[in-house]
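Trainee: Sequence:
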Amino acid sequence: MSLSNEQVGHLARLARIALSDAEIDATRDKLNGIFGLIEQMQAVDTAGVEPMSHPQELATRLREDLVTEQDRRAAFQQVAPQTEAGLYLVPKVIE
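Numbering-wise (my numbering), the sequence shown opens with residue 87 and increments by one.
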């Protein structure tokens with residue numbers, strides 16, 4: 087697939103980008119290069135290739151689910167302006 091200058095100009099207008107004639111030529115060449123790469127990738131036979139979630143075979147390192155901090159809820163609630171039944175009370179913002 088190859089774009090014409092008119093198509094690039096139309097895309098530029100849709101994107102609200104002002105391009106001079108020289109910029110349209112340069113942009114057309116860049117876009118056509120991108121489309122060429124896409125065509126090359128689509129031409130590759132990927133039958134039998136399983137999709138991957140990551141390009142490298144990496145194992146996720148897991149850690150033990152252990153408590154690493156002390157429960158300081160009571161200390162935090164003592165300095166809170168208002169609490170009730172273990173909950174923080176905040177002023178009503180939306181009526």
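No lab work stands behind these hints, which were simulated from the structure alone.
From the three backbone atoms N, C-alpha and C, an ideal C-beta is built for every residue, glycine too.
Incorrect hints may have been included.
To be verified - Per label pair, the in silico range of CB-to-CB distance:
id, residue 1, residue 2, range
1, 91, 178, 40 to 48 angstroms
2, 145, 124, 51 to 59 angstroms
3, 153, 174, 44 to 52 angstroms
4, 138, 87, 24 to 32 angstroms
5, 104, 126, 26 to 34 angstroms
6, 181, 126, 56 to 64 angstroms
7, 87, 155, 39 to 47 angstroms
Trainee: Residue 145 and residue 124, beta-carbon distance inside 51 to 59 angstroms?
Mentor: violated (32 angstroms)
Trainee: Do residue 87 and residue 155 keep their Cβ atoms within the hinted range of 39 to 47 angstroms?
Mentor: violated (57 angstroms)
Trainee: Using the Cβ atoms, figure out if residue 138 sits within 24 to 32 angstroms of residue 87.
Mentor: holds (27 angstroms)
Trainee: Taking 26 to 34 angstroms as the hint, is the beta-carbon distance of residue 104 and residue 126 inside that range?
Mentor: Taking Cβ atoms as reference, residue 104 and residue 126 lie about 32 angstroms apart, which means the hint holds.
Trainee: Could you tell me whether the CB distance from residue 91 to residue 178 stays inside 40 to 48 angstroms?
Mentor: violated (60 angstroms)
Trainee: Quick one: are residue 153 and residue 174 within 44 to 52 angstroms, going by C-beta?
Mentor: violated (22 angstroms)
Trainee: 56 to 64 angstroms was suggested as the range; check whether the CB atoms of residue 181 and residue 126 agree with it.
Mentor: holds (60 angstroms)
The structure is inconsistent with the numbered hints 1, 2, 3, 7, although it conforms to all the rest.
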